[in-house]
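Whole structure, please, built from the sequences with the hints as guidance.
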Amino acid sequence: MGKILIVGDFKLKSAVPVTAWLFGQRSSIMANFNNIAPHLPKLSNFGWRIDVAISTSTLNRVLEPAIVMEIRLSNGRKETFEVHPSQFHRLRFAVATLLKEMENLEMKSILKN
Numbered sequence: 001m002g003k004i005l006i007v008g009d010f011k012l013k014s015a016v017p018v019t020a021w022l023f024g025q026r027s028s029i030m031a032n033f034n035n036i037a038p039h040l041p042k043l044s045n046f047g048w049r050i051d052v053a054i055s056t057s058t059l060n061r062v063l064e065p066a067i068v069m070e071i072r073l074s075n076g077r078k079e080t081f082e083v084h085p086s087q088f089h090r091l092r093f094a095v096a097t098l099l100k101e102m103e104n105l106e107m108k109s110i111l112k113n
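Residue numbering for the sequence shown is 1 to 113, as defined by full-length UniProt numbering.
Among the hints, a few may not be true.
Said to hold, decoys possible - Restraint ranges, calculated between C-beta atoms of paired labels, are given here:
| no. | residue 1 | residue 2 | range |
| --- | --- | --- | --- |
| 1 | VAL62 | ALA31 | 52 to 62 Å |
| 2 | MET30 | SER55 | 56 to 66 Å |
| 3 | HIS84 | PHE46 | 32 to 42 Å |
| 4 | LEU98 | SER57 | 33 to 43 Å |
| 5 | SER86 | PHE46 | 15 to 25 Å |
| 6 | ILE54 | SER74 | 31 to 41 Å |
| 7 | ALA37 | SER57 | 45 to 55 Å |
Worth flagging that the hints you see were computed from the coordinates, not collected in a lab. Every residue, glycine too, gets a C-beta built ideally from N, C-alpha and C.
Put into structure tokens, the structure is as follows:
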């Protein structure tokens with residue numbers, strides 16, 4: 001439980017019911033906050049494919065793969081972008097590292113209910 005700051009003639013006996021009431025109202029406070037807080041769009045779909053250019057108008061033979069990713073957001077917006085395989089591997093490694101760190105945090109007892 002957090003620290004309680006006692007100001008003036010405020011007694012500890014009255015601080016306990018106030019904090020109990022405040023923590024008891026947490027769900028309604030959070031619900032009201034979620035109603036008024038701005039929200040970012042959420043990822044609704046993620047698709048990817050590998051494109052290999054066999055030849056172009058300037059080069060006879062390319063054979064360079066590219067990874068094309070498409071994301072769709074909850075607000076209907078669609079973004080498509082292309083990454084080089086080395087960039088994709090860096091992204092994959094960063095996501096794997098992040099997931100491992102999240103797993104480690106979930107294992108800590110301080111975050112468990």
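Each hint tested on the structure:
no. : hint                      : in the structure
1   : VAL62 - ALA31: 52 to 62 Å : holds (55 Å)
2   : MET30 - SER55: 56 to 66 Å : holds (58 Å)
3   : HIS84 - PHE46: 32 to 42 Å : violated (19 Å)
4   : LEU98 - SER57: 33 to 43 Å : holds (41 Å)
5   : SER86 - PHE46: 15 to 25 Å : holds (20 Å)
6   : ILE54 - SER74: 31 to 41 Å : holds (37 Å)
7   : ALA37 - SER57: 45 to 55 Å : holds (51 Å)
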